[in-house]
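Line order of the protein sequences matches chains S and A. Counting from 1, one number per residue, gives the positions in the first sequence under the working numbering. Counting from 1, one number per residue, gives the positions in the second sequence under the working numbering.
Just so you know, the hints here were simulated from the structure itself, not pulled from any lab data. Each hint should be verified, as a subset may be incorrect.
Unchecked claim - Pairs of lysine-lysine, DSS-like flavour, derived with a Cα cap of 30 Å: (1) Lys-119(S) with Lys-131(A); (2) Lys-215(A) with Lys-155(S); (3) Lys-155(S) with Lys-230(A).
Stated by the list, open to error - The following label-pair restraints were derived from C-beta to C-beta distances: (4) Lys-204(A) with Lys-275(S): 44 to 54 Å; (5) Glu-69(A) with Gly-308(S): 56 to 66 Å; (6) Gly-308(S) with Arg-294(A): 28 to 38 Å; (7) Pro-267(A) with Asn-81(S): 31 to 41 Å; (8) Asp-118(S) with Leu-233(A): 32 to 42 Å; (9) Gln-158(S) with Glu-420(A): 45 to 55 Å; (10) Ala-129(A) with Arg-42(S): 23 to 33 Å; (11) Gly-84(A) with Asp-85(S): 50 to 60 Å; (12) Ser-61(S) with Pro-267(A): 57 to 67 Å; (13) Pro-229(A) with Glu-301(S): 54 to 64 Å; (14) Asn-81(S) with Leu-236(A): 37 to 47 Å; (15) Gln-158(S) with Asn-381(A): 47 to 57 Å.
None of these values were measured; they are calculated from a predicted model. Ideal placement from N, C-alpha and C gives every residue a C-beta, glycine not left out.
Residues per chain are reported as follows:
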Amino acid sequence: MTSTSLLQPRFKQLKTLRALAIGLAIGFTAPAFADNLPEVQRLIKQGQYPQAMEKVDAYLSSRPKDAQGRFLKGLIFTEMNKPADAIAVFTKLSEDYPELPEPYNNLAVLYAQQKQYDKARTALEMAIRTHPSYAIAYENLGDVYAKLASQAYDKALQLDNSNSATQNKLALIRDLITTSGKGNVKPQQAPVAAAPAPAAQPAPAPAAAAKPATPTTATVVASTAGAAATPPAPAAAPAAASTAPTKAAASPNGSEEVTKAINAWADAWSRKDMKAYLGAYASDFDTPKGMSRKAWEQEREQRIAGKGGKISVSIDSPQIAINGDKATAKFRQHYKSSGLSGSTTKTLVLVRSGSKWLIKEEIAR
Amino acid sequence: MRIKLRYLMLALAATVTAGAVAKLSDKPGDPKHTGNTPASGSSLARNAADALGATSPFATVVSDAGPEETLARIFAEIEANRLGNALQLTEALLHQHPNYRLANLIKGDLLLARAQPIQTFGALSDAPADKVADLRAEALVRLKAYREKPPVDFVPRYLLQMEQGQRHAIVVDTKRSRLYLYENDRKNGGRPRFVADYYVTQGKLGAEKQVEGDKKTPIGVYHVTANLPKQKLADLYGSGAFPLNYPNEWDKRQGRGGSGIWLHGTPSDTFARPPRASDGCVVLTNQDLDVVARNLQVGMTPVIISDSVEWLSLDDWNRERDELNKTIDGWRADWESRDTDRYLKHYSKRFKSGDQNFDEFATQKKHVNAGKEWIKVKVNNLSVFRNPGKEEVVVVTFDQDYRSNNLDNQMKKRQYWLREDGKWKIIYEGSA
Chain S
1 MTSTSLLQPR FKQLKTLRAL AIGLAIGFTA PAFADNLPEV QRLIKQGQYP
51 QAMEKVDAYL SSRPKDAQGR FLKGLIFTEM NKPADAIAVF TKLSEDYPEL
101 PEPYNNLAVL YAQQKQYDKA RTALEMAIRT HPSYAIAYEN LGDVYAKLAS
151 QAYDKALQLD NSNSATQNKL ALIRDLITTS GKGNVKPQQA PVAAAPAPAA
201 QPAPAPAAAA KPATPTTATV VASTAGAAAT PPAPAAAPAA ASTAPTKAAA
251 SPNGSEEVTK AINAWADAWS RKDMKAYLGA YASDFDTPKG MSRKAWEQER
301 EQRIAGKGGK ISVSIDSPQI AINGDKATAK FRQHYKSSGL SGSTTKTLVL
351 VRSGSKWLIK EEIAR
Chain A
1 MRIKLRYLML ALAATVTAGA VAKLSDKPGD PKHTGNTPAS GSSLARNAAD
51 ALGATSPFAT VVSDAGPEET LARIFAEIEA NRLGNALQLT EALLHQHPNY
101 RLANLIKGDL LLARAQPIQT FGALSDAPAD KVADLRAEAL VRLKAYREKP
151 PVDFVPRYLL QMEQGQRHAI VVDTKRSRLY LYENDRKNGG RPRFVADYYV
201 TQGKLGAEKQ VEGDKKTPIG VYHVTANLPK QKLADLYGSG AFPLNYPNEW
251 DKRQGRGGSG IWLHGTPSDT FARPPRASDG CVVLTNQDLD VVARNLQVGM
301 TPVIISDSVE WLSLDDWNRE RDELNKTIDG WRADWESRDT DRYLKHYSKR
351 FKSGDQNFDE FATQKKHVNA GKEWIKVKVN NLSVFRNPGK EEVVVVTFDQ
401 DYRSNNLDNQ MKKRQYWLRE DGKWKIIYEG SA
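Isolated chain S, as found in the complex (with noise of 0.2 Å):
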């Protein structure tokens, strides 16, 4: 069945180390008893989890309230294969801090793996209720939406997918295993503060401005890049394909030119036009999660080539930050597809490649 060998990949590779990320960002948050729960995180990235627990409970005795560490013991129940604690963990850390997407999110990813995909689509709609710019929720949210269309399907149609899902499911712990020993997720302390242009468009709610109580928001999460490469939100006007409302000549010394790849590579975006979009990355572009480049191309050529109706991607005017050959590029994306639409905070990585700049690495909020 068409429909589902083409999620199966988007589950496999995506959902687990979103769910992750998430994890790692609110670790970074915590200033105050930050010097333990990194150790954590360095358990769990290195696959020891029963020590990574017991660290984690005794962080947590002391402070049995505090978020990032119920949060990293929710993951930690998720690595150990033990979808049922974890959903407990992160159940009731929704219940006490409402607020945050996050522990939505992975719920919805822990139900998915269950193939309780109403439950996964309740949480998912929570999370974007709390933070409707929360990009990763949409784009999980749209795999959940496509799966239990599957499901209608069968029962309207009596198909019989059973033995595809039962390998889906199976796929998706494993990747989790894998995406936990990688290092691939970069965090950073950039203040938000610093970050964007003040995006003067009436997105309902750029992810910095959204809700200044909750600590995950003040920080920009380097997850991998292309989590979140089809990024969703309602944004403002249909743009179109004339997508050049970025002045150039922010800043001397070469941002013209970056700003100019940029705004080439959104219209090529914007245009389908695949060739153009993929020559805009570097040959060695940090793939997300390390997929191989082929498999990223084939996964970027489903979703833009292969997406029925208008895509038209803008950017606000970009922040950028040059040093050398590298230029680091932050701005808002919109995004408007026939089924999505919405703005995210974008930092690219750019490098210099004889006449032009092309991407290193992709980073979305």
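Assemble chain A onto chain S, guided by the hints.
Frame of chain S; chain A shown alone:
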């Protein structure tokens, strides 16, 4: 959103064929209107406008709790691009009927539309086309039925006269995939009163059964001959089954074959079957069969299956009924008169009964009547049903009380009357 466009087309398709009934009620003068005339522009527009908010004049008596109303609302929400509401309604419907395939398909579409743009009804790529077509067909006939309740003050032409004991009658329209339940309103002179209508499944290859195994549903006047309880049935038959007396006398005379045409329920793995799916049986959902079953009298309740029900205004219906009642009474009186030639004028030259043709029958009647000093014939519990189909045939059933100077006889008799050159003639008679 592309989903909108196609779903709109689906709804429009339903509206186009809808015009017929609207027109029929506009122009009650034409009883032969069978609903094939294309709708005029204005009635089309009005139908489109009324499509959903329209409250049927029957609304107060409609007792069917089918999914049509919810489906109509779902499609309206989709057309208005309120997909969230549509999904909510669909999920509510599925809560009620978890294995309703059509609702599951719509749910699939609505969810898929959130994940990616979708092109059509049943948007899953690689969806089996035949199954999607079946569900689409079901959606269409259900929407149509919801929008086009039988016209007020019109009755199916077939139900000319029910006998006192027949509390209800069933009329099936195969073209519309619909079963109409009528009550014998004895307080109003036996006028048929609409009770409810239900979605039905018919034979895979449609109506007008001719031979065994042709997977078609017969057209004609039948009655249920038994009530088979669920416990004695395979799952396929659902909550119950009522065999029909197919082939009846007329069918046999026309050389029609086959058997085992039943009215029955739906297997447990689905809420409803596609419009064309049975081997010739008329299939209801289990909940509908249960309601209909309460009104079925074995050996009594007429089940008239038509490929396209004709509706008569009450005036026309009265006229037709009076004409036939007079004709039948003329036959009875002429029999009593012992004027055998006058009596035989009521019979067609093509008359047949058992092995007797008209000449043999005439010879015998002349012989018998010669020995009579007096004859008294009473016709009790008369029912008159028009046979659907091209020829003008009515099925007349009654209890005959025959008395004469040398012989008394009571029997239940059935006659088929055919209109030949404008005159009603008996073409078959026998005991029923």
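Against the structure, the hints:
1. Lys-119(S) with Lys-131(A): holds (29 Å)
2. Lys-215(A) with Lys-155(S): holds (26 Å)
3. Lys-155(S) with Lys-230(A): Holds - the C-alpha atoms of Lys-230(A) and Lys-155(S) are around 25 Å apart, at most 30 Å.
4. Lys-204(A) with Lys-275(S): 44 to 54 Å: Holds: the Cβ-Cβ distance is about 51 Å, inside 44 to 54 Å.
5. Glu-69(A) with Gly-308(S): 56 to 66 Å: The hinted range 56 to 66 Å is violated for Glu-69(A) and Gly-308(S), with Cβ atoms some 32 Å apart.
6. Gly-308(S) with Arg-294(A): 28 to 38 Å: violated (50 Å)
7. Pro-267(A) with Asn-81(S): 31 to 41 Å: holds (40 Å)
8. Asp-118(S) with Leu-233(A): 32 to 42 Å: Holds: the Cβ-Cβ distance is about 35 Å, inside 32 to 42 Å.
9. Gln-158(S) with Glu-420(A): 45 to 55 Å: holds (52 Å)
10. Ala-129(A) with Arg-42(S): 23 to 33 Å: Because 55 Å falls outside the window, the suggested range is violated.
11. Gly-84(A) with Asp-85(S): 50 to 60 Å: Given about 34 Å between the Cβ atoms, the range is violated.
12. Ser-61(S) with Pro-267(A): 57 to 67 Å: At roughly 58 Å between Cβ atoms, Pro-267(A) and Ser-61(S) fall inside 57 to 67 Å, so the hint holds.
13. Pro-229(A) with Glu-301(S): 54 to 64 Å: holds (60 Å)
14. Asn-81(S) with Leu-236(A): 37 to 47 Å: holds (44 Å)
15. Gln-158(S) with Asn-381(A): 47 to 57 Å: Taking Cβ atoms as reference, Gln-158(S) and Asn-381(A) lie about 48 Å apart, which means the hint holds.
In this structure, the earlier hints numbered 5, 6, 10, 11 are contradicted, and the remaining ones agree with it.
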